[in-house]
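So the protein sequences, as listed, match chains A and B. So in the working numbering, the last spot in the first sequence is 114, and the numbers never skip. So in the working numbering, the last spot in the second sequence is 170, and the numbers never skip.
The hints are simulated quantities; they were obtained by calculation from the structure and are not laboratory data. Every residue gets a Cβ at the ideal spot worked out from N, C-alpha and C, and that includes glycine. Among these hints, one or two may not hold up.
[As the list claims (entries may be wrong)] Sample of chain A residues at the chain B side, in silico, Cβ under 7 Å: (1) E15; (2) Y51; (3) Y65; (4) G108.
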Amino acid sequence: DAGITQSPRHKVTETGTPVTLRCHQTENHRYMYWYRQDPGHGLRLIHYSYGVKDTDKGEVSDGYSVSRSKTEDFLLTLESATSSQTSVYFCAISRTGAANEQFFGPGTRLTVL
Amino acid sequence: GQQVMQIPQYQHVQEGEDFTTYCNSSTTLSNIQWYKQRPGGHPVFLIQLVKSGEVKKQKRLTFQFGEAKKNSSLHITATQTTDVGTYFCAGPSGGTSYGKLTFGQGTILTVHP
C-alpha cells in the first residue's frame, strides 16, 4: 500500500451545501490526482497536483476546486453540491510523475440528495 | 482529446471459462497499464506494457500491447471466482503529462461458480 487515506469514507449531503473531501498520503509524493467513478464512465480525472500550490484541471473539473497547501494533503471541494456530483471519489498518487502506475486511496462515496 | 475505449462493458462467465477484454486508444500510447478493482474496492495496478507487440503473463493472465501501440488486451484463462471485478486499461494523457492517465470505461467481470 502507498499510505493513502481518504476522509470521510461515506457522506450524504444536500444539494447546495459545500463539501470537502480530504486525501492524505504519508510518502511525500509530488503528484496527486482526484478522480470520480461512475457506472459506464470508468475513472475520470477531476483535478491534479504536481506540487504544493501547483494544481490544474482535469477532464471533468466544472463544479470542483482543489487545494494543496502541504505535500501530504490534497483537498477536493464541491462549493455547492449537486445531485450530478453523486459519485465515488478516488484519490491517487504517482511516485514518478512519468505516467506510470498510480496508487489509489480507498475512495469516498458521496451522495447528494 | 484522447479517448480510450474498452469492450465489452460487461462479461458474465462460468467458472473455468476464458475471458478477454479489449482496449483501444485514439492515439498512439507510450505505454498501457491495466488495473483491477474488486467490488467495493479501489483500483489496483496489475501491469504496464511499453514495447510494441509486447506480451506479458501473470499466472493465468496474459496481457498484449498491439503492434501500433494503440490497442491492448487482457486475457484470463480458466476464470476463478477470485477474478471477479472491474478491469481497466489506462494510457498516458496527451500534452504535458504530470503523470496523468486516461482510463477506459472498464469491463465488469462476473464469474458464476
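Now the hints, each set against the structure:
1. E15: violated, 25 Å
2. Y51: Holds - the Cβ of Y51 (chain A) comes within 7 Å of chain B, reaching about 5 Å at its closest.
3. Y65: Given a least distance of 16 Å, the restraint on Y65 (chain A) is violated.
4. G108: Hint holds; G108 (chain A) Cβ to chain B Cβ min 5 Å, cut 7 Å.
Checked against the numbered hints given earlier, this structure breaks hints 1 and 3; the rest are met.
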